[in-house]
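Student: The residues making up each chain are set out below.
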Amino acid sequence: MGDDLIWEVSKMLNNDQLSSIMLVFMGLLVTYFSIPYEVGNITSPEAGFLPFYIGLAICFLAIGVFVQGTISLKRGTKWKNPIAKVMWWKPLIAMAAIVVYALVLSLFGYIISTILLVGFLLRAIQPQKWGVVVIVSIITALTTHLVFKVWLGTQLPVGFLGF
Amino acid sequence: MESLSNLLTGFNFLLQPEAILCCFIGVTIGTIVGVLPGLGPVAAISLLLPATLKITPVNAIIMLSGIYYGAMYGCSTTSILLNIPGEAASVITCLDGYQMARKGRAGPALGISAFGSYIAGTMAVIGMMLVAPTLAEIALSFGPPEYFSLILCGLTMVTFLAKGGMMKALLMAAVGIFLGCVGMDIITGIPRFTLDIPELSDGIGLVPLIMGLFGVAEVLRNLELSMARSVYETKIRNLMPTLQDWKKSIFPIIRGSIIGFFIGILPGGGGILATFTSYATEKKISDHPERFGEGMIEGVAGPESANNSASTATFIPLLTLGIPPNAVMAIMFGALIIHGIQPGPLLTKEHPEMFWGLIASMYVGNTMLLALNLPLIGIWVRLLKVPYPILFPLILVFCLIGTYSLNNNIMDVLIMNFFALVGYIMKKFDYEAAPLILALVLGPRWENSLKQSLLLQHGDLTIFFTRPISAAFLIVAIALIVVPLIPALRKKVVMVPKEETPS
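Residue numbers (the numbering used here), protein chains in the order written: chain A, 1 to 163; chain Z, 1001 to 1503.
Because the hints were derived from the structure by calculation, they are not lab data.
Just so you know, even glycine gets a beta-carbon here, dropped at the ideal spot from N, CA and C.
Misleading hints may appear alongside valid ones.
[Said to hold, decoys possible] Straight line, CA to CA, 25 angstroms or less: simulated PhoX-like cross-link-like pairs of lysine-lysine:
no., chain 1, residue 1, chain 2, residue 2
1, Z, K1054, Z, K1103
2, A, K129, Z, K1385
3, Z, K1283, A, K85
4, Z, K1428, A, K78
5, Z, K1247, A, K74
6, A, K90, Z, K1428
7, A, K90, A, K149
8, Z, K1428, A, K80
9, A, K90, A, K74
10, Z, K1283, Z, K1247
11, Z, K1247, A, K80
12, Z, K1284, A, K78
13, Z, K1385, A, K90
14, A, K74, Z, K1428
15, A, K85, Z, K1428
16, Z, K1248, A, K90
17, Z, K1247, A, K149
[Unchecked claim] If you want the footprint, here are the derived chain Z segments under chain A, 3+ residues with CB under 8 angstroms:
no., segment
18, 1088 to 1100
19, 1126 to 1136
20, 1190 to 1204
21, 1356 to 1366
22, 1408 to 1419
23, 1425 to 1433
24, 1441 to 1453
[To be verified] The calculated label-pair distances, taken between Cβ atoms and stated as ranges, are:
no., chain 1, residue 1, chain 2, residue 2, range
25, Z, Q1016, A, R123, 44 to 50 angstroms
26, Z, K1054, A, R123, 31 to 37 angstroms
27, A, A124, Z, D1287, 53 to 59 angstroms
28, Z, N1409, A, I35, 40 to 46 angstroms
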């Protein structure tokens, strides 16, 4: 049902129109949430002054992009699926991996987390031989640890194992 | 005379081993970054920014600048050997450079590219030395209305040259100004749009945002495409161009240097516009314009020189006016602020060692780059053969460490991930990140200038038009918005090359 609706809408709008609608909403949200900070006026601008007017500017500019999109739709620029003909699952997997990495970094520590992240990416995105996976992930973790922590003195998380 | 004496002071500073080492590290990393497609100078500078906190501000800026102009040198290698531009600014070099490589002339193409870059880089440094102090003197008379109008003019110019259309670029600039509002309001002290996240009370960090929008988003974009790429297998010999090559190239190099310098000073006028203008100029004045694209050495010499000249000249508005003209300079602006130095007209007076040390380092850095790029070309070619499926996890790890190590905070990494997703979606819908970054950097200053002007004049908006310099900037800004709307001019505007999105 939801997929059908998206399909029907996508047939009516092109990419510029769809993205501009999202940005109109963003502009409205910015404008609305600026009000509690007090907008003030031109002689005495308050904290919400610029965000309020920038929110309105976002709305107007997004409407401008929508109009441009409408003109280009009439000229034949239709909806182009941004994830068609590309391996969209690869960035999705990579994105998920780095989010998980950020969440477990403090728990497992830099070295283990990095070995797991690099190893996972090497296997999951375009599978490499296990030998390559093990060597590259360990070398990456240890080398960056040496450069950033030992040489540059950057504080990297140690985790429950103490390294 | 005063400039020469200041330059000697700069060289005196640079003679310290630590400064020379920083310059060398910077240009070497820059060359690697330029050679490797997928990791651009913006991400590389952001990545190394936390590491520079351990060294003196001058050395830090010398190193970070070296990365930038080193990348501009290195990016021609991939254009010539792979037909893939290492940076957006070397797109045009692919046309004739790759054809030269296919005809067995990869050596002279790489050679003239390196020599041209060296000559142009040096000429631009001399120009910078002469122009910057004068510009800084003029900028001393700027008040809040002038800065408001200047920033507006700069942002408009950046959006004028952006790809994906001016309206979209203006929209991104507006979003950038909003993101710049996140955090404590400087005048009232009220935290805005922080979502109760303490890390946002100082605003959205420039490094997580840039790493996300440029570094990680670029990797994500590359992942969904085919990862196969092949280096054109040819023996690289005769790197020294022949006398005939020099005869053909010397004037394109000089013209490219001059074009690049003046375009580089303009806000938004980075490498791409300079290279396209240089290429178009060479083609126009050539006796054989039809041969361009078939391996003409002029088509490599001119644009490569323009690129390097422009990349040096982009430092001028940053150092003298405190206005970064492109995304790379925006991160340099952030770097200077982190090191406690306010870029602007007072920089040459308050931190002469910084300004003149940087200029001296550019002279030395250009020479180092010549030495690095020619004899070591074999190493850079080998580097190109590292498969992307192995390279990309390393780029991601660098982005993650770079972001984390700035404040040792996981929240920064999560913010980076959020903006990586935003950047990926923006690319899908043809929205450019550069205007957003510039607006984010300039937004707080713009807001301050606006508020100060309004408070001083009790809300009288005519202040922006009655002060001549401010009025001039506003007229340029208005013209830039109006020109594309005039049908007769629209066609010409469409033909203006699109500005880079350095990754």
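Student: Hint check: K1283/Z vs K1247/Z, CA-CA at most 25 angstroms. Holds or violated?
Tutor: 16 angstroms, holds
Student: Would you mind confirming whether the straight-line C-alpha gap from K74/A to K1428/Z stays at or under 25 angstroms?
Tutor: 21 angstroms, holds
Student: Does the structure keep K90/A and K1428/Z at a Cα separation of 25 angstroms or less?
Tutor: 15 angstroms, holds
Student: Do at least three Cβ atoms from the segment 1356 to 1366 of chain Z come closer than 8 angstroms to Cβ atoms of chain A?
Tutor: Violated - the segment 1356 to 1366 of chain Z has 0 residues with a Cβ nearer than 8 angstroms to chain A, which falls short of three.
Student: Starting from the range 44 to 50 angstroms, see whether the pair Q1016/Z and R123/A falls in it by beta-carbon distance.
Tutor: 47 angstroms, holds
Student: Run the distance test for K1247/Z versus K149/A: straight-line Cα separation, threshold 25 angstroms.
Tutor: 51 angstroms, violated
Student: Given the proposed pairing of K90/A with K149/A, does the C-alpha separation stay at or below 25 angstroms?
Tutor: It is violated: about 31 angstroms lies between the C-alpha atoms, which goes past 25 angstroms.
Student: Mind checking the alpha carbons of K1247/Z and K74/A for me, to see if they're no more than 25 angstroms apart?
Tutor: Given that 25 angstroms is the threshold and the Cα spacing comes to 52 angstroms, the pair is violated.
Student: Would the pair K1283/Z and K85/A pass a check requiring their Cα atoms to be no farther apart than 25 angstroms?
Tutor: Since the Cα atoms of K1283/Z and K85/A sit roughly 37 angstroms apart, the hinted pair is violated (cutoff 25 angstroms).
Student: Hey, K1248/Z versus K90/A, does the alpha-carbon distance stay inside 25 angstroms?
Tutor: Roughly 47 angstroms between the alpha carbons, so the hint for K1248/Z and K90/A is violated.
Student: Assess, step by step, whether the Cα of K1247/Z is no farther than 25 angstroms from the Cα of K80/A, and give holds or violated.
Tutor: 49 angstroms, violated
Student: Go check the segment 1441 to 1453 of chain Z versus chain A for me, would you? Three or more residues, Cβ under 8 angstroms, otherwise it fails.
Tutor: With 3 residues closer than 8 angstroms to chain A, the segment 1441 to 1453 of chain Z meets the three-residue bar; holds.
The structure fails to meet hints 1, 3, 5, 7, 9, 11, 12, 16, 17, 18, 19, 21 and 28 from the earlier list, while all remaining hints are met.
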